[in-house]
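Asker: Below, each chain spelled out in residue letters.
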Amino acid sequence: NAGVTQTPKFQVLKTGQSMTLQCAQDMNHEYMSWYRQDPGMGLRLIHYSVGAGITDQGEVPNGYNVSRSTTEDFPLRLLSAAPSQTSVYFCASSYWPSGSYEQYFGPGTRLTVT
Amino acid sequence: EDKVVQSPLSLVVHEGDTVTLNCSYEVTNFRSLLWYKQEKKAPTFLFMLTSSGIEKKSGRLSSILDKKELFSILNITATQTGDSAIYLCAVDSGTSYGKLTFGQGTILTVHP
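Heads up: the protein sequence lines correspond to chains A and B, in order.
If you read the first sequence in the numbering used here, its first letter stands for residue 410, the second for the next number, and so on.
If you read the second sequence in the numbering used here, its first letter stands for residue 4, the second for the next number, and so on.
Among the hints, a few may not be true.
[What the hints assert, rightly or not] Each computed BS3-like pair below joins lysine-lysine, with the alpha-carbon atoms no more than 25 Å apart:
#	chain 1	residue 1	chain 2	residue 2
1	A	418	B	70
2	B	59	B	40
3	B	70	B	59
4	B	60	B	71
5	B	71	B	59
6	B	60	B	70
7	B	70	B	6
8	A	418	B	43
9	A	418	B	40
[Stated by the list, open to error] From the structure, some residues in chain A lie toward chain B, with a derived Cβ separation under 7 Å:
#	residue
10	447
11	449
12	450
13	451
14	452
15	457
16	514
17	516
18	517
It should be emphasised that the hints constitute simulated quantities derived from the structure, not laboratory data.
Remember, predicted model here, so these are calculated numbers, not experimental data.
Each residue gets a CB set at the ideal place from its N, CA and C atoms; glycine is no exception.
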């Protein structure tokens with residue numbers, strides 16, 4: 410199993426550009442989520458999904474869109490990039506429902522917006 | 004609003020020292036508390052705690068939860084340079100399965 414994969418690993422965008430961060434998992438997990446990590450702030454939840462076709466907002470959803478057309482994929486779209494979106498982005502997945510809520514994280518995408 | 008606070012924010016020790024990391028929380032509907040270790044890349048899972056007073060152990064690491072006082076501690080004994088990392092505490096508040104609220108993290112540096 411590849412686990413949770415993310416592409417790209419690094420990206421530089423100009424203000425106003427749009428792009429999609431890709432996330433895929435091959436563990437047949439129902440639950441997937443996107444976090445951003447900024448220095449001194451831990452991980453903050455952007456959007457999450459409890460299954461194909463079902464998404465919801467997390468703590469910091471503004472400026473981001475998601476969709477979940479398959480169990481495996483959960484892309485994150487930046488609609489019009491802003492310097493405040495410079496961050497490291499992590500995708501995670503877990504079984505749902507399950508007695509365990511351990512989330513498996515992807516390797517991250519480091520995004521810089523100039 | 005759910006809140007998770009970790010202390011200290013950073014800690015520098017020497018190999019062989021014992022460290023205690025703290026995590027306190029205020030959430031609407033507690034389900035579980037998780038500890039993660041983050042080195043260069045993605046966080047990796049350490050422990051999940053759901054019941055008060057039951058210690059979880061893995062080698063030199065151990066953790067315990069106090070649901071009455073709303074906190075958890077992570078202990079690392081006989082620290083090694085490989086323990087240098089960010090330690091993250093997260094709480095599943097039960098509003099949606101797997102939706103975690105993270106603390107700021109504790110940066111641990113272990114010098115030889």
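Asker: Grab the minimum C-beta distance from residue 457 (chain A) to chain B and call the hint holds if it beats 7 Å, violated otherwise.
Answerer: With a minimum Cβ separation of about 6 Å from chain B (threshold 7 Å), the hint on residue 457 (chain A) holds.
Asker: Does residue 60 (chain B) pair with residue 70 (chain B) here, judged by a C-alpha cut-off of 25 Å?
Answerer: This hinted pair holds, its Cα atoms lying about 18 Å apart.
Asker: Can residue 514 (chain A) be said to touch chain B, with a Cβ gap under 7 Å?
Answerer: 4 Å, holds
Asker: Would the hint on residue 449 (chain A) be counted as holding, given a Cβ-Cβ threshold of 7 Å to chain B?
Answerer: With a minimum Cβ separation of about 6 Å from chain B (threshold 7 Å), the hint on residue 449 (chain A) holds.
Asker: Taking 7 Å as the limit, does the beta-carbon of residue 517 (chain A) come near enough to a beta-carbon in chain B?
Answerer: With Cβ-Cβ at 6 Å, under 7 Å, it holds.
Asker: Hinted pair, alpha-carbon criterion (25 Å max): residue 59 (chain B), residue 40 (chain B). Please report holds or violated.
Answerer: With a Cα-Cα distance of about 15 Å, the restraint between residue 59 (chain B) and residue 40 (chain B) holds, given a limit of 25 Å.
Asker: Less than 7 Å between beta-carbons is the criterion; does residue 452 (chain A) satisfy it with respect to chain B?
Answerer: Check passed: Cβ of residue 452 (chain A) comes within 4 Å of chain B, closer than 7 Å.
Asker: Is residue 70 (chain B) close enough to residue 6 (chain B), meaning Cα to Cα at most 25 Å?
Answerer: The given pair, whose Cα atoms are some 15 Å apart, holds under the 25 Å limit.
Asker: Given the hinted pair residue 418 (chain A) and residue 43 (chain B), is their alpha-carbon gap at most 25 Å?
Answerer: With Cα atoms ~13 Å apart, residue 418 (chain A) and residue 43 (chain B) stay inside 25 Å; holds.
Asker: Taking the least C-beta to C-beta distance, is residue 447 (chain A) closer than 7 Å to chain B?
Answerer: Since chain B brings no Cβ nearer than about 10 Å to residue 447 (chain A), farther than 7 Å, the hint is violated.
Asker: Need the status of pair residue 418 (chain A), residue 40 (chain B): alpha-carbon distance at most 25 Å?
Answerer: 20 Å, holds
Asker: For the pair we were handed, residue 71 (chain B) and residue 59 (chain B), check the Cα-Cα distance against 25 Å.
Answerer: 18 Å, holds
Figure legend: structure checked against the earlier numbered hints; hints not met, in rising order: 1, 10.
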